[in-house]
Every structure is written in C-alpha cells, then in structure tokens.
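This is what each chain is made of:
2 protein chains.
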Amino acid sequence: MARPSLREKLASSAVDTLHAFGFKGCSIQDITEAAGVPKGSFFNHFENKEDLAIDALRRYIEGTRPDLLFEEGVPPLQRLKNHFTFLTDRLAESGFERGCMLGIFATEMAQDYPKMREELRLVFETWCSAVESVLRDAQAAGDIDPRHDPGLLARYVVNAWEGAVVRLKLTRDRSPLDDFFHVCFKLLLK
Amino acid sequence: MARPSLREKLASSAVDTLHAFGFKGCSIQDITEAAGVPKGSFFNHFENKEDLAIDALRRYIEGTRPDLLFEEGVPPLQRLKNHFTFLTDRLAESGFERGCMLGIFATEMAQDYPKMREELRLVFETWCSAVESVLRDAQAAGDIDPRHDPGLLARYVVNAWEGAVVRLKLTRDRSPLDDFFHVCFKLLLK
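Protein chains in written order, with the numbering used here: chain A, 1 to 190; chain B, 1 to 190.
Source of the hints: derived by calculation from the structure; they are not laboratory data. Treat the hints with care, since some could be wrong.
What the hints assert, rightly or not - Mimicking BS3-like on lysine-lysine, the simulated pairs with C-alpha atoms at most 30 angstroms apart in a straight line are:
id, chain 1, residue 1, chain 2, residue 2
1, A, Lys24, B, Lys81
2, A, Lys24, B, Lys24
3, B, Lys9, A, Lys190
4, B, Lys186, A, Lys81
5, B, Lys190, B, Lys81
6, B, Lys9, A, Lys24
7, A, Lys39, A, Lys24
8, A, Lys49, B, Lys24
9, B, Lys186, A, Lys186
10, A, Lys190, B, Lys24
11, A, Lys115, B, Lys24
12, A, Lys81, A, Lys186
13, B, Lys115, A, Lys190
14, A, Lys81, A, Lys9
15, A, Lys39, B, Lys190
16, B, Lys190, A, Lys186
17, A, Lys186, B, Lys81
18, B, Lys81, A, Lys49
19, A, Lys81, B, Lys24
20, B, Lys39, B, Lys24
21, B, Lys39, A, Lys24
22, A, Lys9, B, Lys24
23, A, Lys24, B, Lys49
Using the sequences and the accompanying hints, generate a full structural model.
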C-alpha cells in the first residue's frame, strides 16, 4: 500500500483531534503535532483551520453509516433504530466523553464562521431529509400515525438526539440516549 | 444607589461576554476589557476563569424565571409552556444568534473542567426535577397519560429543548423551537 500523503495524514488525524478538543480547544500546532506532520506544511494543504474543520466534518459524517437508514428489507422504524444504535455505539467508544462533531461545531463556530455554518446547515438538512423519508415509509407501512408531518417530526427527532448527546457530556453514561430511544420509539413514533 | 463593586462589575459583565463568545472563545483579558476593569484585578476576585464561569452560569439561571414553572393558579401544561416561551423570548433578544449557556458550557467544558461539569450536572438535575413536578401535576389533573414516567419525560423534554437550541444556531430563526413546541405540546404531552 502506498504511504498516505502528508495531506491525508493531516486530514485524517485532524478528525480525531478536532472531535476530542473542539475547534477552539486546539490550535493548528496541536493538530499538526498530533498528525506528526511539520507545522509549516499546514498551509500547503489547507487555506485555514476552518477549511480543515469542514474537511474533518465530511470525514466524520462518512463514518456514520448513513446507508443504515435505507437498508433494503428492513422495516422503516427498525432502520431508524439501527441508525441511532450505530451512533450510540460510536459515542460509547469514547466512554461517552465526546459529543457529536455536528453539535460541537454548531455551538462553537456557527456565529463567526459562515462557511462552516452553511456546511452544517446543509449537513443537518440532508440528515433530516433522510430521516423524513424513513418516517414517510413508516407511515406508508401503517407503523406511525399518517396525520403527523414527517418533515417536522424528522427535524424534531434529529434535534432531540443532538440535545441528548449534549447531556451525556455531563452524565457520562448512555442514560440520555436511553431516554431518547424510549420516548421516540415507544411514545412518539407510533 | 451605591456604585457596584469591582467584583460585581466584572461578574455581571462576564455573563454577557461568556454567553456571546463561549468559555474558550474569550480570554480573561477580553472579559476584563468588556467589563471595563483592570486585568490585574481579576485574580483578586476569582481564583480562575472556571470559577468566574460558574458564577456567570448561576447569574444566567437566575434570569430564566424558574418561578414560572410553579406559578399558582396556572394549569400545569400552561406553566410548562410559559416557561419555554420565556426562554424562547430570551433567545429572540439575541436574534437567535446565541445558544443556551448550559449547552455551550457542557459542550466546551464538561471534559476538562470537573467543577463546572458537576455544577452543570446539578443545574440540569434541578431543572429536570422542576419539570418532572409539573408533569406530575399534569398527570394528577388528567392532562397527560398517567402511565408515562414523569421523570423520564422531563429529562427527555429538557434535552430535546437543548438540542433545538443547538440547531437554531444554524437556522438563526425560531423554527427549531416551533418544532419543539409542536411535538411536545401537541403530540407528546397528552
């Protein structure tokens, strides 16, 4: 296998550093040091730290298995449950110490970084559209009330998930996610 | 009226600076400059920046009118709605550009600042207990299903609120809060 390029080394390591410390919690030097690349090489590959963070966000999302929402042969609400279960397992890997990169960047960067804000806006819209289409399938299958607005429900569920993930930074256990699963799948989506 | 002490001037101004820029987004110098006090005076009044942030958090919460949840003569679900309406109005004051200080500090500080993490854990517990007691009243009044676990529902509703507030940093309008109100008060709490 070919050695990864310096850019690839920097970018793939940055996902982890930015996720662990947040955008404002680490410097370009922290990021290049963690990647084991010379600090001076940074600006050969990225215009600025925001650009690197956008690249990291895209890589982070690639790792969230969005395909689980569309898996053939799986009933719609089960697909939704599998999706959030996968995200739960990822959070468990860090001992529930890290949050969701989307929520972290939204909190830290939305105000002062318009490029990142626009990127996050689109990421959330894409995510909500995918969840909405699953909820439409669930309505067509008669699994949830057909009178509900699936777009509104999808946005709500995604935001409620993000809130549960903020809370687990304090509980450091899966209890906020368990609450989310219980209310979403036993009370709300029916 | 007596002139506010230097400590009071620093502490009350810090609520605004920390809320606007986040803990990691402003330095002690930014905070003292915004307060119009000498930088050197900081450590006469606070042990460190975390201590000041904890003081700011307490002041922030005092401004959230927690009494609205217990207002006599108002039906329980209306009290809950009044509570979240008050929080919505506060967010509107900043043009929906600022988030909730609780969520901001949880995201930025929970990992590295154990004192703040413990403070936030208690703040959320107190908030959830208050909401739980309103939901118990609503159950006693026959307004929501008595089979629901009011503690679990309360935690879920508070977390869903925090998630909606994260999202509005991207939408910059009240739409995530409108989704929250719709789902909570028309679909969930009944």
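Verification of the hints:
1. A:Lys24 to B:Lys81: With Cα atoms ~35 angstroms apart, lysine 24 of chain A and lysine 81 of chain B exceed 30 angstroms; violated.
2. A:Lys24 to B:Lys24: holds, 6 angstroms
3. B:Lys9 to A:Lys190: Not satisfied, since the Cα-Cα distance of roughly 53 angstroms exceeds 30 angstroms.
4. B:Lys186 to A:Lys81: holds, 23 angstroms
5. B:Lys190 to B:Lys81: holds, 13 angstroms
6. B:Lys9 to A:Lys24: holds, 27 angstroms
7. A:Lys39 to A:Lys24: holds, 18 angstroms
8. A:Lys49 to B:Lys24: The given pair, whose Cα atoms are some 16 angstroms apart, holds under the 30 angstroms limit.
9. B:Lys186 to A:Lys186: Status holds; Cα separation ~16 angstroms.
10. A:Lys190 to B:Lys24: violated, 42 angstroms
11. A:Lys115 to B:Lys24: holds, 20 angstroms
12. A:Lys81 to A:Lys186: Answer holds: lysine 81 of chain A to lysine 186 of chain A is near 11 angstroms, not above 30 angstroms.
13. B:Lys115 to A:Lys190: violated, 41 angstroms
14. A:Lys81 to A:Lys9: Given pair lysine 81 of chain A, lysine 9 of chain A is violated - Cα atoms ~34 angstroms apart, limit 30 angstroms.
15. A:Lys39 to B:Lys190: violated, 57 angstroms
16. B:Lys190 to A:Lys186: holds, 14 angstroms
17. A:Lys186 to B:Lys81: holds, 23 angstroms
18. B:Lys81 to A:Lys49: The hint is violated at about 41 angstroms.
19. A:Lys81 to B:Lys24: Judged against 30 angstroms, a Cα distance of about 35 angstroms means the pair is violated.
20. B:Lys39 to B:Lys24: At roughly 18 angstroms apart (the allowed maximum being 30 angstroms), lysine 24 of chain B and lysine 39 of chain B satisfy the hint.
21. B:Lys39 to A:Lys24: holds, 22 angstroms
22. A:Lys9 to B:Lys24: Distance ~27 angstroms between lysine 9 of chain A and lysine 24 of chain B Cα, so the pair holds.
23. A:Lys24 to B:Lys49: holds, 16 angstroms
In this structure, the earlier hints numbered 1, 3, 10, 13, 14, 15, 18 and 19 are contradicted, and the remaining ones agree with it.
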